[in-house]
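Asker: Assemble the complex: chain A is given as a structure, and chain B with the ligand must be docked to it using the hints.
Chains as they are written, first to last, in my numbering: chain A, 1 to 322; chain B, 323 to 960.
Some clues are possibly wrong.
[Claimed, not checked] The calculated lysine-lysine pairs, modelled on DSSO-like cross-linking and capped at a C-alpha distance of 30 Å, are: (1) K782/B x K170/A; (2) K13/A x K49/A; (3) K122/A x K87/A; (4) K243/A x K834/B; (5) K834/B x K170/A; (6) K782/B x K243/A; (7) K762/B x K810/B; (8) K170/A x K810/B.
[Claimed, not checked] To give an idea of the chain B side of the interface with chain A (calculated C-beta under 10 Å), a few residues: (9) D787; (10) A789; (11) E795; (12) V940; (13) S941; (14) A942; (15) L943; (16) F944.
Please keep in mind that the hints were generated in silico from the structure rather than gathered at the bench. Here a beta-carbon is modelled for each residue, glycine too, at the ideal position from N, C-alpha and C.
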Amino acid sequence: MAVALVKERYQSKVGEVVIGATAAEGGTRTSVVKVGGDSTLPFLHFEGKVENRAAIALEVTDVPPAWSDTVKGQYGDVINDPVAWAKKCVEEYNADMIYLKLIGANPEGENRSPEECAKVVKDVLAAVGVPLIVAGCEDPEKDNEVLAAVAEATSGENLLIGIAEQDNYKSITAAAMVHKHNLIARSPLDINICKQLNILISEMGLPLNRIVIDPMIGGLGYGIEYAYSIMERARLGSLANDKMLSMPMICTVGYEANRAKEANASAEEFPGWGDLNDRAILWEALTAAGLLQVGASILLMRNPAAVKLVQQNIADLMEMNA
Amino acid sequence: MEKFQVKFMPDQQVIEVEQGTSLLKAASQAGIFIKSSCGGKGTCGACKVTVISGEAKSERTGNLSPEQLSRGVRLSCHTFVEGDLTVEVPPESRLQAHQVLLEDANAALLTETSKDLLTYYGYHPLARKVNIRCSEPTLTDNAGDWTRLSIELKRVLQSDKPLTIPLSVLQTLPETLRQAHWDLSVILTDLESGYTVLHVEPANDRPCYGLAIDVGTTTVVVYLVDLDSGEIVDKQGSYNKQAQFGDDVISRIVYAVDSTENMAEIQKAVVDTVNVLIEGILERQSLTSQNIASAVIAGNTTMSQLFLGINPRYIRLEPYIPTVNSTPAVSAREIGLRLLPEALIHTYPSVASYVGGDIVSGALATDMANSDEIILFIDIGTNGEIVLGNKDWLVSCACSAGPCFEGGGILFGMRAMPGAIERVDIDPESLDVKLKVVGKIAPVGICGSGLVDCLAKLRKAGIIDRAGNFQLEHPSQSARIRATEDDKEFVLAWAHQAGGDKDIVISENDVKNLIRAKGAIYAGIRSLLQTVALEIDMIERIVIGGGFGNYLNVHDSVEIGLLPDLPQEKFEFIGNSSVKGARLALLSQKAWNEAADLARKMTYIELSIGTTFMDEFVSALFLPHTDLSLFPSVEGTF
Ligand code: FES
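Here chain A stands alone, though its shape is the one from the complex:
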């Protein structure tokens, strides 16, 4: 008996966001990254178009981070030099983008000035050709200053900058608008706040195709199921033509997965958990793999070995299954 393939018809699709600008477009990038644009659920090639491959951005920090040795060990000395580090990420680990996190701006830490921060961004831009994602140190007031300076200094590069949140979105949105960058809109695992923030941002005049949603995921075993269902709702919303949910999604996989005890505790400590190296890799890779299934467009990652696995996973998923 013949079985008819059931295909869902969707009214709409995820918006497409372009990150980076080549010389012809007024920037200095050698490649740009396009994300979003899908007109179906993740990787259901038979129902609609999977427009763009999910992109992986590797995290680089301006001052050496307090990461676990399993991850840091894979980078070696470059961890002390953001420029060399970014280069390694692109050349050796095939990062689609660099996610530059300016933790040196933290007033409780190095308290670097906005100008110093902007300089690091410029240096990394000069060193690599891939597009950049730039985020601050999570001190809202300082970040407003830092990102304004970064946005200005990199005008034309079409960065993805963050983080805009519901009680602090105005100055960073303004910076993105004036200097033509894309913006990360972060909401705490709540589809309604996610939508509200997008409305607030777009009412300031930033076009919808310049916004990327950060749903504030939880890592594997630490609330990933909330993120999973929120992201699924966002994707279903965009396919049902809810314009304020139709943005591509970015996930802080590296940060969340490496926060887990499972990515840090040794086998001596927890014999039942097995080898730490493998476990740490898989913790991050599985977090990413799970979120790919609900429409993650940009994965912010740390562990090069995990990145490799996820790159393969994405390549497999991009194969036609129609």
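Answerer: Only chain B with the ligand this time, still in chain A's reference frame:
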């Protein structure tokens, strides 16, 4: 224990209390009622008094400033008598009789439902008065007094229903009959289950009355109803004296279950409230309590239980269980109400812990249970009860909107009374403000309708964004938007205009409170609709009840997302539906029976289960809503 004298100023009231009595309690014993929003937990600061002289010991000083403390300001709930004292109770700490909703016409923008339900249910009061003439006993006709009376009554009533007489009435019967020379007026209950003689007196044609009583958390309203004509003869309302034990039902429950004395005290407070109202009415009408034969009380579940002295502890504890939904009638004597001692007090049945008799009563008054159309009945008050349905089904919930719209929890919030700002106009460019004030006097605060209007106008002028965040960098650079130490605010009236020494402002905190209140109501509506899988536009009529409903502007309310965006003509206003339903039951046995049915039929939806309400709530915390397509008439205006 030693006793000391406490003198309250400026009342000059002196009372003797035991050492260690709190000043809050001492004041109440002296007949001075002090606000105590937190129920005496020492957290709200509403109960401030000033100790002028004498010895008192404070266990808690809350957030009183050192300057206040040095002036003798204390929290009366946590300050205890240690010697003879003189204490001043400032006006802002007193429970004031405020305007209570009595007239439905007041500023109403909606027309009132007009269907005459009494004609529909049939006129058959729960108590009545009959005049009879018994034959005098003789040596050949030597039946007992009660037999004589009951035979004659049955003949006149033309009914086989059982007829009883309580001992207390029996005890004085022989003399009454003879003094009246067997020419009698008999007041009796007339219930489905039978008649009970409440009172016998010499024949007269004084009317016999009943009371319809709405026991609200904040206010209590009493209607005096002529049981012969069905007319409302008088109305009286005041604040519920239980307010001295907390503003909301939860803090009152906490207070009540603390000890048996507290329970007795809180019950007495509401009984007193009703008694004072009854006395006022009786005096005005030159009546005595002997003339009142029946009462129907409608209140939320907590109010009903506290009124009857039933332990309310488990109402507020998961899984939120009331002791009783349908209470038997009790005599006025048992409760201490000033009616005929044997008169029956009927309490409206409840549905669940947070949907009570006031809502059942209101639903009866809307006639929704006989309607083909789908009706949404909303009580816009602290508890925010909502009922949706028609003759086939009814669902209800309580969305706890909080007291915002009654002025509670808002810096300059107040009830709709003289001095309250009721309309606000803000020039979007200069941010100049025009106000409309009740009574056309200098403004002292802002009432519910003013707050609703204000919210819409703040947004329109770009002073707040859709999430309620203040925009300090407004292009007007107006001095009216300013930041204070811990908040941001907008000046509605400068001190010199307000005739006081303080600017009247609305703060970001106020705005967020209002958004939460309106969000809760709209989310409640959406949650009920989801339960029965209906869309907003399938609602055919929206009936708004509750005190605040009177002053509500539908257009403003839709604009901020408080009410669904439906055509104006679908909205209807019913005023104090609770007391209306109480009167209906008082005058119609059939309506009273139907109320019991209605309460059973109403399905209570527990909003704390599942994700629906929370989801709807968050999406409603936006102006007018996260899903702008739900408010097509508003979308373009912001
Ligand atoms: S602080 Fe005394 S009653 Fe609230």
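Asker: A separate judgement is required for each hint: does it hold in the structure or not?
Answerer: Hints versus structure:
Under the criterion of a C-alpha separation no larger than 30 Å, the hint pairing K782/B with K170/A is consistent with the structure, at around 18 Å. Distance hint between K13/A and K49/A is fulfilled; the C-alpha atoms sit about 9 Å from each other, no more than 30 Å. For the given pair, K122/A sits about 14 Å from K87/A by alpha-carbon distance, which is consistent with the 30 Å threshold. For the hint pairing K243/A with K834/B, the CA-to-CA distance comes to about 26 Å; that is within 30 Å, so the pair holds.
At roughly 19 Å between alpha-carbon atoms, K834/B and K170/A fall within 30 Å of each other, so this suggested pair holds. Between the alpha carbons of K782/B and K243/A the distance comes to roughly 23 Å, so the proposed pair stays at or under 30 Å and holds. The hinted pair formed by K762/B and K810/B meets the criterion: a straight-line CA distance of about 28 Å does not exceed 30 Å. A C-alpha spacing of about 16 Å is found between K170/A and K810/B, which places the hinted pair at or below 30 Å, so the restraint holds.
Given the 10 Å rule on beta carbons, the hint for D787/B holds: about 6 Å separates it from the nearest Cβ of chain A. Interface restraint check for A789/B: the shortest CB-CB distance to chain A comes to about 6 Å, inside 10 Å, so the restraint holds. The restraint placing E795/B at the interface with chain A holds, with a minimum CB-CB distance near 8 Å, inside the 10 Å limit. The criterion of a C-beta within 10 Å of any C-beta in chain A is met by V940/B, whose closest approach is roughly 4 Å, and the hint holds.
Because the beta carbon of S941/B sits about 4 Å from the nearest beta carbon in chain A, less than 10 Å, this interface hint is met. Satisfaction of the interface hint for A942/B is found here, the shortest Cβ-Cβ separation to chain A being roughly 8 Å, below the 10 Å cut-off. Restraint check, L943/B versus chain A: the minimum CB separation of about 8 Å is within 10 Å; hint holds. Evaluation of the F944/B hint against chain A yields a held restraint, the C-beta minimum of about 5 Å falling below 10 Å.
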